[in-house]
Amino acid sequence: MMVVGGFIIGFGSRYAGGCTSGHAITGLSNLQLPSFIATCCFFVGGLIMANFILPYIL
Amino acid sequence: MKDQNKDFETRSLDTVCVNESHLQHKWYHNIKYLIVGLLFGIVFIKAEIISWYRIQEMFRFQSFHMYGVIGSAVIVGIISVFLIKKFNIKTIYGEEIEFHDKVFNKGQIIGGIIFGLGWAITGACPGPIFAQIGTGATIMIVTLFFAIVGTWVYGYFRDKLPH
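First to last, the protein sequences are chains A and B.
Quick note: the first sequence uses numbering that gives the first Met the number 0, first residue 0, plus one each step.
Quick note: the second sequence uses numbering that gives the first Met the number 0, first residue 0, plus one each step.
Incorrect hints may appear among the rest.
As the list claims (entries may be wrong) - What follows is a set of in silico ranges between Cβ atoms, one per label pair, in the way DEER data are often shown:
#, chain 1, residue 1, chain 2, residue 2, range
1, B, 67, A, 52, 20 to 30 Å
2, B, 24, A, 0, 37 to 47 Å
3, B, 51, A, 43, 28 to 38 Å
4, B, 144, A, 32, 33 to 43 Å
5, A, 43, B, 33, 28 to 38 Å
6, B, 103, A, 52, 35 to 45 Å
7, A, 51, B, 24, 42 to 52 Å
8, A, 51, B, 23, 50 to 60 Å
What the hints assert, rightly or not - On the chain A side, residues computed to face chain B include the following (Cβ under 10 Å):
#, residue
9, 16
10, 25
11, 31
12, 33
13, 44
14, 46
Think of the hints as simulated: they come from the structure by calculation, not from any bench.
Built from N, CA and C at the ideal position, the CB exists for glycine as well.
Sequences and hints are given; from them, build the entire structure.
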């Protein structure tokens, strides 16, 4: 879990061009639409994992 | 020099503001970054945002905690950016602060979802990983290592991925 999770954190944050701090906090602070889209996608990914995938693998 | 330029361009795609200092300093000038970093880590731990359970709570809409933390960070951030732009505030060495507008690309959607999946599994995003290691969760060293592997793999396949 830590291996896969770590890998997709690194890969995803580079692909999206920022992580939680980069997009959600500084991006939204600068009122950037792409950052808002990225933040929404972070949440979509997180919601899918926490609600639909993690309950089955834990 | 050419390589350095390319690196700068790549970075300006990814960051909100590229404030590369062109001044040369002695090593002890870096201590202030250490202090800010230390404070940042302490705040992470005190705000409990490095907790896996807090992240799970957020995604299951069981607690307002993380929304409060992120929301207040964004509000403070908006005010700070507004003040920096309005009063044209300079860095500590009097250099100009530039903001770059983010350019939309498909990576923000695909990469965002991939990142979100990882965020919920490990309860970590790239900053808090370090704070988690510091609290004694040494297993996070594995996560950190593979996060770095992930960024490397991204860099390797960058040209082949849809953007």
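Any of the earlier hints contradicted here, and which numbers? 3 and 6
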